[in-house]
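A.B. asks: Produce the entire structure from the sequences given, and follow the hints as far as they go.
The lines below spell out each chain.
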Amino acid sequence: SQQGEEDPQALSIQEGENATMNCSYKTSINNLQWYRQNSGRGLVHLILIRSNEREKHSGRLRVTLDTSKKSSSLLITASRAADTASYFCAPSQTGANNLFFGTGTRLTVIP
Amino acid sequence: ETGVTQSPTHLIKTRGQQVTLRCSSQSGHNTVSWYQQALGQGPQFIFQYYREEENGRGNFPPRFSGLQFPNYSSELNVNALELDDSALYLCASSLRLAGSKNIQYFGAGTRLSVL
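Same order as they appear, the protein sequences are chains A and B.
First residue of the first sequence: 619, per this note's numbering; consecutive thereafter.
First residue of the second sequence: -10, per this note's numbering; consecutive thereafter.
Worth flagging that the hints you see were computed from the coordinates, not collected in a lab.
Each residue gets a CB set at the ideal place from its N, CA and C atoms; glycine is no exception.
Any given hint could turn out to be false.
[Stated by the list, open to error] So the derived list for chain B, only partly shown, Cβ under 10 Å to chain A, looks like this:
#	residue
1	20
2	29
3	30
4	34
5	36
6	45
7	80
8	89
9	91
10	93
11	97
12	98
C.D. replies: Right under this line is the structure:
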């Protein structure tokens, strides 16, 4: 399967706490991307980490990648109510031109 | 805003009918992908168009077809609608170049209900 699988399926935290979600995949990759989807809307690209990178930061987002374990994690620090959304990881193979998504992690941030 | 626009935003059809959904790509993008997202599920890849030709297809029957126009806009056509076709249909555009990162830019989607 070319898709990533996110874990947990659902996560509920208090505003200000950190949120961590994980992704596992099965194929070799060129990069791995994380997307956010607000309810009933389109997906928004958050961050991309290349296969030769181990960690990447963007604002309150921190992504790690372990290619030996075929896994990635997304950490959102100091969460806000506006972070409430579904989060999807998308492993991208070399030469691939489309993405395959799992069922996502549904994050709820309680004000 | 990604610059990808989809129309219509909502649509109601009855079983057996045909539907056409439309997508305008982000300026400068040459590739369009279509996804189907059922309630509570992740987006499922339907197919992709590059240079007006189908360039990859997911596990969807032939009654799902598409077009890409010279201006890179695209249509998704679904014939003989079934109840299970009820879903959010997402269009995503991207720039296909050697060494590109394959980042997809999504529209807001078309919500299709089949009764």
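A.B. asks: Against which earlier hints does the structure fall short, listed by number upward?
C.D. replies: none
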